[in-house]
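Student: Sequence:
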Amino acid sequence: MTHFHDYQRLHRERTRDLHDAGLRHIAAEKRRLERRLLRRERRRARLAAKLVELARACRA
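Residue numbers for the sequence shown follow my numbering, so the first one is 1 and each next one is one higher.
Note that these hints are calculated values from the structure, not bench results. It cannot be assumed that every hint is accurate.
Each pair of labels, with its calculated beta carbon distance range [what the hints assert, rightly or not]:
#, residue 1, residue 2, range
1, Arg40, Arg14, 36 to 44 Å
2, Arg9, Glu41, 42 to 50 Å
3, Thr15, Leu51, 50 to 58 Å
4, Ile26, His5, 29 to 37 Å
5, Cys58, Arg32, 37 to 45 Å
6, Ile26, His3, 48 to 56 Å
7, Arg14, Arg36, 51 to 59 Å
8, Gln8, Arg43, 26 to 34 Å
9, Glu29, His5, 34 to 42 Å
10, Gln8, Ala28, 25 to 33 Å
Keeping only pairs whose Cα atoms sit at most 20 Å apart, straight-line, the calculated SDA-like set for lysine to any residue is [unchecked claim]:
#, residue 1, residue 2
11, Lys50, Glu34
12, Lys30, Ala48
13, Lys30, Arg46
14, Lys30, His19
15, Lys30, Arg40
16, Lys50, Arg39
17, Lys30, Leu18
18, Lys30, Arg14
19, Lys50, Arg31
20, Lys50, Ala60
Note that the structure is predicted; figures quoted are calculated from it, not measured. For each residue, glycine too, the CB sits at the ideal point set by N, CA and C.
Please work from the sequences and hints to get the whole structure.
Tutor: Quick look at the structure:
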């Protein structure tokens with residue numbers, strides 16, 4: 001017969017595994033978002049530089 005504390009231990013182990021998996025998933029998502037943000041920032045910087053060049057060319 002399975003006793004209550006056996007169920008408890010099983011439950012605790014499973015929840016810990018789920019928790020770890022969830023944390024890993026969240027970390028991966030965060031990394032992906034940060035990478036996307038970085039890419040967007042780089043593109044914006046490039047566009048800004050191009051605009052500055054255009055403005056300079058127009059003034060000259």
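Student: Evaluate each hint against the coordinates.
Tutor: Here is what the structure says about each hint:
1. For the pair Arg40 and Arg14, the supplied restraint of 36 to 44 Å holds, since their beta-carbon distance comes to about 39 Å.
2. Checked against the hint of 42 to 50 Å, the C-beta distance between Arg9 and Glu41 comes to roughly 48 Å, which is consistent with it.
3. Take Thr15 and Leu51: their Cβ atoms lie about 53 Å apart, and the range 50 to 58 Å holds.
4. Between Ile26 and His5 the C-beta distance comes to about 31 Å, which sits within the given range of 29 to 37 Å.
5. Hint check: Cys58 to Arg32, Cβ distance near 39 Å, so the stated range 37 to 45 Å holds.
6. Judged by the Cβ atoms, the range 48 to 56 Å given for Ile26 and His3 is violated: they are separated by roughly 35 Å.
7. Range check, Arg14 to Arg36: Cβ separation about 33 Å, and the 51 to 59 Å hint is violated.
8. Look at Gln8 against Arg43: about 53 Å separates their beta carbons, and that is not inside 26 to 34 Å.
9. Between Glu29 and His5 the beta carbon distance is about 36 Å. The supplied range of 34 to 42 Å therefore holds.
10. For Gln8 paired with Ala28, a C-beta distance near 31 Å keeps the hint of 25 to 33 Å intact.
11. As the CA atoms of Lys50 and Glu34 are separated by approximately 24 Å, the hinted pair breaks the 20 Å bound.
12. Taken as a hint, the Lys30 and Ala48 pair is broken in the structure, with Cα atoms around 27 Å apart against an allowance of 20 Å.
13. Between the alpha carbons of Lys30 and Arg46 the distance comes to roughly 24 Å, so the proposed pair goes past 20 Å and is violated.
14. At most 20 Å may separate the alpha-carbon atoms for a hinted pair to count; Lys30 and His19 meet this at roughly 16 Å.
15. Note on Lys30 and Arg40: the hinted pairing holds, with a Cα-Cα distance of about 15 Å set against a maximum of 20 Å.
16. The suggested pairing of Lys50 with Arg39 holds, with an alpha-carbon distance near 17 Å, which does not exceed 20 Å.
17. Taking the CA atoms of Lys30 and Leu18, the gap is about 18 Å. The hint holds against a cut of 20 Å.
18. Distance check on the hinted pair: Lys30 and Arg14 sit about 24 Å apart at the alpha-carbon level, beyond 20 Å; violated.
19. Of the pairs offered as hints, the one joining Lys50 and Arg31 is violated, with about 29 Å between alpha carbons and a cut-off of 20 Å exceeded.
20. Using a Cα cut-off of 20 Å, the hinted pair Lys50 and Ala60 holds, with the two alpha carbons roughly 15 Å apart.
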